[in-house]
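If you read the sequences in order, they're chains R and D. Per the working numbering, the first sequence starts with residue 1, numbered consecutively. Per the working numbering, the second sequence starts with residue 1, numbered consecutively.
Quick caveat, the hints were computed from the structure, so don't treat them as lab data. Every value quoted in this text rests on a predicted model; they were computed, and no experiment measured them. Just so it is clear, CB atoms sit at the ideal spot from N, CA and C, and this is done for glycine as well. A few of these clues could be false.
Claimed, not checked - Just some of the chain D residues that point at chain R, by a computed CB distance under 10 angstroms:
id: 1; residue: M41
id: 2; residue: N123
id: 3; residue: L157
Claimed, not checked - Only pairs whose alpha carbons sit at most 20 angstroms apart, straight line, appear in this in silico SDA-like list of lysine to any residue:
id: 4; chain 1: D; residue 1: K57; chain 2: R; residue 2: S105
id: 5; chain 1: D; residue 1: K40; chain 2: R; residue 2: A193
id: 6; chain 1: D; residue 1: K57; chain 2: R; residue 2: V346
id: 7; chain 1: D; residue 1: K165; chain 2: D; residue 2: S196
id: 8; chain 1: D; residue 1: K57; chain 2: R; residue 2: A193
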Amino acid sequence: MGSYLCSININHTKGIIMKKLLIMASALTAAVFSSAKADISVSGSAGLAMISGGNVIDGAPAVTAGAGLSATSASNRSTSGTLFQQGGAVSFAMSTTTANGMTVSTSGGITMDSNDRVSNKGVSGLAAMTFAADGFSLTVGDIDLPAGGGVGEVGFVASAQVDNGGYTQTGIVTGVSDTEGYGFTASTSVGAASVTFGYLLDKNPEGANNAESASGDYGSGVTVAMPMGDLSLTLGYANVTGTADETTAGVAVSYGLGGGTLKLGYESTDEATDSSTMSAAFSGSLDADTTYAIGYTDGEAGALASTATEVKLTRALGGGVSVFAEIQSLDGSGTSGTNMAVGTTVAF
Amino acid sequence: MLNKIVINLGLLSFSLLLISSCSNKDESLLGGQYQENLIKMDKVYGYCDNPLRNFDKTSIKYKVCKDKESAAGNDGVTDDEFSLFDLTNLRNFESPNVVYNNTANKSLWDGSMNVLSPYPIKNFDSEFGYIETDWIYEESNLEQRCLIKIQIVSLELVSNGVEAKFLCQKKIEGQWVQDKNDYSKAEKQIVLAVLSEAGRYNQQN
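Next comes chain D alone, as it looks inside the complex (with noise of 0.2 angstroms):
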């Protein structure tokens, strides 16, 4: 009897998966700060021993991801370049060089400045997974222009991981204004080609 329950909550469960990937649930109680809260996880345990992940720790999965976080260091960022030691660094015991691990995917970003890379930049922020472009103009009418900003949201590489918005302005009697469009559709775009080049550079690495 217990496990016809057990297998109904599975098959109950399944649904809800179903359900939630057509909804938006980011405000929602159940669901809504899953990734918030596997990034604040992640800093307490560590990416491979966080238990919301449920590694199993003698799989291959688990080993493969501890070496590589050992050889990521605690800044979270593997080195291209080999080094042996500096001993420096480890002598400074009074200030020790902590940098903490980056909030946003590696793929995620890169792909990000990629897609973005046409456009002037005007601000970013590499460890939060931030970028705005600056004001984009046409040369035909510079009474209208746009920006994109990107906020990348996972440390994983997911397709919910990232999120788009166009700000679009109109010049009316001088002044700048924001016009009422809806730009979900390019917003949407935006992040398909981010999740793309990311896909194409967590390939290469």
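Same shape as in the complex, but just chain R (with noise of 0.2 angstroms):
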């Protein structure tokens, strides 16, 4: 650095040490500051649980052809024991930045899923680019659709571990039936609100990497969420066509209470067998390492009608390990009870 101070020839006598302050500066930044802002990062996690309630299905669920995949019929059996279940992740996350401070990326990964029964390890992922600049970003390719799943359910809490305890509920259907395909989302603010827009090409692509815009199945979402005072707002609008057009529309509002946050949601779809939801949420912590959260969801799906009451209690350990507690109690429509899971996760 003294080398490179040294050969400055500066003629100006105003200003020349702060000229070499900036200098100094300069090389400082440029000693650690190399052109290449690529940047390729793993992570990962693995699970394990004891699920209980009715009676358990182990192995694993059918599979429908699409997508790449070949059809296969279940393979599971129906016992009274309780069902062990586990597995892992590994998340590749690349992204580049350009000169003008817009980030590209994308992510692929590794699964055995350790929240629902499988019979086959997955690679998933890679199928979508995202494009992001100053307040402003857009996804291409594999896409969610904006409140596809129903933005007014926030009562569902739990993992989906413990949906595998057995007993299930018919009379709760939130959102459309087709949320995921090919197409893209954008999201900016407009004030102090912010705004996903996203549009399907095709909700039923025939490859997993491409898809055409003939295809007739066709999918728009919106989401807008702002603060409202002490309140957040968020609304959310969902579309699909195809052999039945679908609809679904809902509003959850958030408001920090004594400690924690409380939650409220409607959601109404309109399709084959119209339904609606109620729901509420409430979580908190009872110290820097343990979260609890409380949700209870009304639905009503033509003539089915169901409640679902859940609680989870996680404690983080340290070393990126949690321990969970789950329970699920569910009324109405289906084969109710309660199902109870228990487990571990580690984040890597």
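With the hints as a guide, dock the two chains, each given alone in a separate frame, to form the complex.
Printed below as a string of structure tokens:
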């Protein structure tokens, strides 16, 4: 650095020392800065759980042909025992930044799902790219339709683990049937509000990484989130076409209350069998490492009606390890009962 | 017809993206508060369930995100040391030790501290991502001085997640006054250095 400074020949007397200071700062930054801004990061997690409730089902569910998958029949058995389940995932995130500050990224991964019954390890991702600049983000490829799953459903606070307990409900249906396909999503802010818009060129693509625009199976969705004083309001609307048009609209309100967060939601779906749900949830913490969440959902789908109450307790143990305990109580249409799950997850 | 309109809308969105990447949108109605809104919604929904991020709930990315969220606990920090349970805190229901998430990306914070490590630090706030050096003097001329301010404005490791500011003064008749020079080039160098170091810390973690 000293030889670099000595090589400078500045004729002006005024500001010479400050120029040296700036050169020193520039030399420091040049020493650590390289022109390459590409980055590949790897992260992962694993999980193990014991699930019980009604007659649990082991094995794997049936797989429907499509998107590069061959059809397989279900291979399972129903018993009154306790289900043991584990899995893990490795996620690769790749990104680079252009000279003018635009970030381009994509991600992919390898997984043995720890939350649901599967029979094969899977590869996913690598089918979408995200372009992000100052205040704007655009994702093209395999996307999830904004608001497609229903923004008004806030009561299911437990993980998918507890869904394997054997007891089921059939009266709570939210969102449109196909929320994933090939298209684009765009996010930005308009004043204090944030808007995410998405469009599916093909909601049932034949391939895993391509689609054509004349499929006839389209979808569109938008979510708008904005603060309103102490409240946060999220509105969502999604529509898919095809054999039968489906539309879903919902609203969710969040409010900080008593050291936690209270959420209220409502979702209405217009499809072959119309459905609606009302839900509420409260989440908080007992200390810096222990969190809890309680959720309640009341839904109707045609002549069916169900309620679901979920409670989840999570404790972070340090080193990336956490333990959890979940309870799910189902009542109404379906097979009523209480599912329970306890387990551990590790983040790498 | 509608399909073509929406495809054109997508092309328009991409064009807006390219245009916005070349301009300063901090004060604009469109996109100006995007990062700020992202942070606010993270506090309400959590990073992984933020509707603005639109994570596919069936994706590996979402699953790993949720497991990391569980491992970090309510304070948003994954402790290095493994500890089983502290029943003393769990019994203390009347005054739970609630620590809110930081608003600054940790890698950007570590990168900023590393870049400014040769200089004396006067003020810093890790929760809000602010670092300010003390006045920096040259031995050969004590009539001029500068300080550097860094503000981390994003929870994510993004290129526009850190801002730097140089303040320089000169002594005129015994009084320190602000000079009128433009230090935008040096500020940009600092930002690039922080981003580079942040990327290194992110890979290590």
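To test your reading of the hints: which numbers does this structure violate? Per hint list: 2 and 8 violated.
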